[in-house]
Amino acid sequence: MEKIEFAFRKEQSGLFGSILRPVARVILINGGNRVPEILYVDSGADVTLISKSIGDLLGLKITQRDQFQEIKGIGERSVAMVVKKIHIQIGTQTIPSRISWALTEDVPLLLGRVDIFHLFHITFAKNQKTLFTE
Numbered sequence: 317m318e319k320i321e322f323a324f325r326k327e328q329s330g331l332f333g334s335i336l337r338p339v340a341r342v343i344l345i346n347g348g349n350r351v352p353e354i355l356y357v358d359s360g361a362d363v364t365l366i367s368k369s370i371g372d373l374l375g376l377k378i379t380q381r382d383q384f385q386e387i388k389g390i391g392e393r394s395v396a397m398v399v400k401k402i403h404i405q406i407g408t409q410t411i412p413s414r415i416s417w418a419l420t421e422d423v424p425l426l427l428g429r430v431d432i433f434h435l436f437h438i439t440f441a442k443n444q445k446t447l448f449t450e
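Per our numbering, the sequence shown runs over residues 317 to 450.
The hints are simulated quantities; they were obtained by calculation from the structure and are not laboratory data.
From the three backbone atoms N, C-alpha and C, an ideal C-beta is built for every residue, glycine too.
One thing to keep in mind: the hints can contain errors.
[Unchecked claim] Straight-line alpha carbon distances no greater than 25 Å define the calculated BS3-like cross-link-like pairs of lysine-lysine that follow:
(1) 326 to 445
(2) 401 to 388
(3) 368 to 388
(4) 377 to 401
(5) 388 to 400
(6) 326 to 442
(7) 445 to 319
(8) 377 to 388
(9) 400 to 377
(10) 368 to 401
(11) 368 to 445
[Unchecked claim] Restraint ranges, calculated between C-beta atoms of paired labels, are given here:
(12) 411 to 328: 27 to 33 Å
(13) 420 to 449: 32 to 38 Å
(14) 431 to 389: 18 to 24 Å
(15) 319 to 359: 17 to 23 Å
Put together the whole structure using the sequences plus the hints.
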């Protein structure tokens, strides 16, 4: 059984000063395009979220079949996005996944539940590391 570990990342919070946040180093894949990225592991996010520029690096395109939707996090502001299918590599596993491609840069990069969380036991270990086990 593969066990994948990622150390929490130290960041600054406007409310709490220095804080540790759970992240995962993944590779986002679309066709021959591979983009290594660090995403927040967010059990409250329905779907994985990427920014406009990361989608561009992956070669994603807006088509006539795409349905524009708006998503909201905390607060009233909404973000326009489209759902796309890519692959996400976590450790040695490559997973086909639906993602939300935000049409702006001003979004956090999130690893959400859809298509990902059902494959792993995900443990946030004592505010130090995130463990993914099968």
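Evaluated hints:
1. Taking the CA atoms of residue 326 and residue 445, the gap is near 11 Å; set against the 25 Å cutoff, the hint holds.
2. With a C-alpha separation of about 20 Å, the suggested pairing of residue 401 with residue 388 holds against the 25 Å cut-off.
3. With a C-alpha separation of about 16 Å, the suggested pair residue 368 and residue 388 falls inside the 25 Å cut-off, and the hint holds.
4. As the CA atoms of residue 377 and residue 401 are separated by approximately 12 Å, the hinted pair is consistent with the 25 Å bound.
5. At most 25 Å may separate the alpha-carbon atoms for a hinted pair to count; residue 388 and residue 400 meet this at roughly 18 Å.
6. Simply put, residue 326 and residue 442 have alpha-carbon atoms about 14 Å apart, close enough for the 25 Å limit, and the pair holds.
7. Between the alpha carbons of residue 445 and residue 319 the distance comes to roughly 12 Å, so the proposed pair stays at or under 25 Å and holds.
8. Proposed proximity of residue 377 and residue 388 is supported: the alpha carbons are some 22 Å apart, at most 25 Å.
9. A C-alpha spacing of about 9 Å is found between residue 400 and residue 377, which places the hinted pair at or below 25 Å, so the restraint holds.
10. Our distance criterion of 25 Å between C-alpha atoms is met by residue 368 and residue 401, whose separation comes to about 15 Å.
11. Among the hinted pairs, residue 368 with residue 445 is inconsistent with the structure: their alpha-carbon atoms are about 28 Å apart, more than 25 Å.
12. For residue 411 and residue 328, the Cβ-Cβ distance of about 31 Å falls inside the hinted range of 27 to 33 Å, so the restraint holds.
13. At roughly 34 Å, the beta carbons of residue 420 and residue 449 sit within the given window of 32 to 38 Å.
14. Checked against the given bound of 18 to 24 Å, the beta carbons of residue 431 and residue 389, roughly 19 Å apart, stay inside it.
15. Range check, residue 319 to residue 359: about 19 Å between beta-carbon atoms, so the 17 to 23 Å window is met.
Of the hints listed earlier, the one the structure fails to meet is number 11.
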